[in-house]
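In this note's numbering, the protein residues as written are 162 to 592.
Take the hints with a grain of salt, since some may be wrong.
[Stated by the list, open to error] When the alpha-carbon atoms are kept at most 27 Å apart in a straight line, the in silico BS3-like pairs for lysine-lysine are as follows: (1) K341 x K586; (2) K341 x K574; (3) K341 x K587; (4) K399 x K225.
[Said to hold, decoys possible] With beta-carbon atoms standing in for the labels, derived distance ranges: (5) T569 x T413: 50 to 58 Å; (6) R498 x E582: 46 to 54 Å; (7) L325 x Y497: 19 to 27 Å; (8) R169 x N431: 34 to 42 Å; (9) K544 x G476: 16 to 24 Å; (10) P178 x D292: 22 to 30 Å; (11) I203 x G460: 39 to 47 Å; (12) K200 x L382: 24 to 32 Å; (13) E554 x D248: 49 to 57 Å.
Simulated from the structure, these hints should not be mistaken for laboratory data.
Here the structure is a predicted model, which is why all the values come from computation and not from measurement.
All C-beta atoms, glycine included, are put in the ideal place defined by N, C-alpha and C.
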Amino acid sequence: MNNFRVERDSIGAFRVPADAYYGIFTERARQNFRISHSKMPIEIIRSLALIKKAAVMANVRLGKLAKKKGDAIIRAADEVIKGKYDDEFILDAFQAGAGTSSNMNVNEVIANRATEILGGRKGQYIVHPNDDVNMSQSSNDVFPVAIRITAYMLSLKLLREVHLLGEALKEKRAEFRGVKKVGRTHLQDAVNINVGDEFRGYEGVVMREHSHIKAAAGELLELNLGATAVGNGINTPKGFKREIINAIRRMTGIKFREGRNLFELTQSHNSLLNFSSALRNLAVGIDKICNDMRLLSSGPLAGFNEILLPKVQPGSSIMPAKVNPSIPEAVNMACYRVIGNDTTVMMAANAGQLELNVMTPVIAFSLVESTRILENAIETLRKKAIAGLKVNEKRLKETASSNVMDYTRLAPKLGYSRVAELIKKKLKELK
Numbered sequence: 162m163n164n165f166r167v168e169r170d171s172i173g174a175f176r177v178p179a180d181a182y183y184g185i186f187t188e189r190a191r192q193n194f195r196i197s198h199s200k201m202p203i204e205i206i207r208s209l210a211l212i213k214k215a216a217v218m219a220n221v222r223l224g225k226l227a228k229k230k231g232d233a234i235i236r237a238a239d240e241v242i243k244g245k246y247d248d249e250f251i252l253d254a255f256q257a258g259a260g261t262s263s264n265m266n267v268n269e270v271i272a273n274r275a276t277e278i279l280g281g282r283k284g285q286y287i288v289h290p291n292d293d294v295n296m297s298q299s300s301n302d303v304f305p306v307a308i309r310i311t312a313y314m315l316s317l318k319l320l321r322e323v324h325l326l327g328e329a330l331k332e333k334r335a336e337f338r339g340v341k342k343v344g345r346t347h348l349q350d351a352v353n354i355n356v357g358d359e360f361r362g363y364e365g366v367v368m369r370e371h372s373h374i375k376a377a378a379g380e381l382l383e384l385n386l387g388a389t390a391v392g393n394g395i396n397t398p399k400g401f402k403r404e405i406i407n408a409i410r411r412m413t414g415i416k417f418r419e420g421r422n423l424f425e426l427t428q429s430h431n432s433l434l435n436f437s438s439a440l441r442n443l444a445v446g447i448d449k450i451c452n453d454m455r456l457l458s459s460g461p462l463a464g465f466n467e468i469l470l471p472k473v474q475p476g477s478s479i480m481p482a483k484v485n486p487s488i489p490e491a492v493n494m495a496c497y498r499v500i501g502n503d504t505t506v507m508m509a510a511n512a513g514q515l516e517l518n519v520m521t522p523v524i525a526f527s528l529v530e531s532t533r534i535l536e537n538a539i540e541t542l543r544k545k546a547i548a549g550l551k552v553n554e555k556r557l558k559e560t561a562s563s564n565v566m567d568y569t570r571l572a573p574k575l576g577y578s579r580v581a582e583l584i585k586k587k588l589k590e591l592k
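Generate coordinates for the entire structure from the input sequences, incorporating the hints supplied.
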C-alpha cells in the first residue's frame, strides 16, 4: 500500500502511484484507455502547459488568482514545457473525447508540482488542478487551441523543408536544362522534352503546395481561448481573452489572435481539416514525384534507366548486386500514411454535434504525425535521392535521337495524316 496514495473525485476513491505527479483523473484514464500504445504527442502536452502558464498570467493580472499560487504554477508549467516531466504524460492518444483526459493530465502534473513548490506533498493539492490550474478554461477551448499552436509551430519546420526541396529541384532543373529526352504520355512515347523542364514541373508542384500549407497554417492563428465549454465564455472574467492571448503572443513570438466567432471555433474544426488537407495535397504531389523517380530509374536493362539514383543500400537478400530505389519507396509509404491520416481528420471533423466536436484527440494525433512524417520524409528525399541524382545521358541521347514522335513538329507543314504515315513507316523500319 505504501506504493500508492488514495485520491477522491466525484465517482469515489481511487489509488494513484505514490510518486506520480499525475492524479486520479489521469490514473482512471490510463486504466480505461489501453488501445494503441501510442501516447498523446508530447508537442501537444507542451502546448497545453504553455496555455496553462498564459492562463495563470491572465488570472493573476485580473485579480482572480493569488500571485503566490500563480508563481508556483508558472514555475511548474515552465518545467513541463522544458520536458522535465515527460514521463508523467502517460495517456493513450485514443482516449475520451474533447481531450479532457490529457488536459487533466497536464492540470494534475502542474498542480502537484506547484503544491511541492509551496511546501506540500503530491496529492495534497494546495494548488488544485481544476480550481487553480484550469481556472477560466475548459478542455473544449484549451485542447483545440493546443492543437492549433502545435500544428502552426510544426508547420514552420515543415515549410522550411518543403522550400529546401523546391530549391534542390530548381538546381537539378538548371543542371539538366540542355539534356534532351523522350517525353511520355499514357506511358507511351511522346515528343521530346528536356530533363530540366521535367524537373521544373516537380519544382512547381512542391512550391505550389508550399503556398497552400502556409495559407492553411495561417488560419490556425485564430484561437478560441475564453470560449470555455460551449463558446459563450462561462466562468471567465472580463478581459481574460485579451490577456491570455497577449501572454501567448509574448511567449511564442507568434501573432496568434482572438477568434472572431468562438461558437464556430468550438463546434467546428474545419480549419484543422484545411491544414490536414494541405498536408495531404503535398503528400500526393511528393508521391507522384517518387513514383516518377522509381519508374525513370527502373532497369538497368529491362527498364527506363534514364536517371541514376544514389545507391544507399543493397536491394535484395537473394539477388547479388541488385540496387532498388529505396528512398523513393520509403517516401511513398510516408505519403500514404499522411493521406490516410487526412481521411481520419476528415471523419473526425465531420463528427461534431451541436456545440462541440469531441474528436479532437485523434485530430491532434493525426496532424502531429502527418507533419512530422512529411518533414522527415522530404528531408530524406532531398538529401539521399535528389541531391545526388544523375541522368544517364548516353541512354537519353539514344532514345531521343530515334524518337519518331518528335516528327509531330512537322505536322503544321505536312499535315497530320502525312506525318502519321511517316511515323508508321519509320516504326516499321525500326522493328
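Are K341 and K586 close enough, with their CA atoms no more than 27 Å apart?
Roughly 24 Å separates the two Cα atoms, so the pair holds.
Does the beta carbon distance between I203 and G460 stay inside 39 to 47 Å, or does it fall outside?
With Cβ atoms ~44 Å apart, the hint holds.
With a cut-off of 27 Å on the C-alpha distance, tell me whether K341 and K587 pass.
The hint holds at about 20 Å.
Okay, L325 versus Y497 on CB: inside 19 to 27 Å?
holds (23 Å)
Assuming the hint says 16 to 24 Å, is it satisfied by the Cβ distance from K544 to G476 or not?
The hinted range 16 to 24 Å holds for K544 and G476, with Cβ atoms some 19 Å apart.
Hint says 22 to 30 Å; check whether the CB-CB distance for P178 and D292 agrees.
Taking Cβ atoms as reference, P178 and D292 lie about 23 Å apart, which means the hint holds.
K399 paired with K225 [C-alpha distance capped at 27 Å]:
holds (11 Å)
When you take the CB atoms of R169 and N431, is the distance between them in 34 to 42 Å?
Once the Cβ atoms are compared, 40 Å apart, the range 34 to 42 Å for N431 and R169 holds.
Cβ-Cβ distance between R498 and E582: within 46 to 54 Å?
Once the Cβ atoms are compared, 51 Å apart, the range 46 to 54 Å for E582 and R498 holds.
When you take the CB atoms of T569 and T413, is the distance between them in 50 to 58 Å?
holds (56 Å)
Would you say the C-beta atoms of E554 and D248 sit inside 49 to 57 Å of each other?
For E554 and D248 the Cβ distance comes to about 56 Å; the hint holds.
Kindly confirm whether 24 to 32 Å is satisfied by the beta carbon distance between K200 and L382.
holds (27 Å)
Hint compliance for this structure: no hint is broken.
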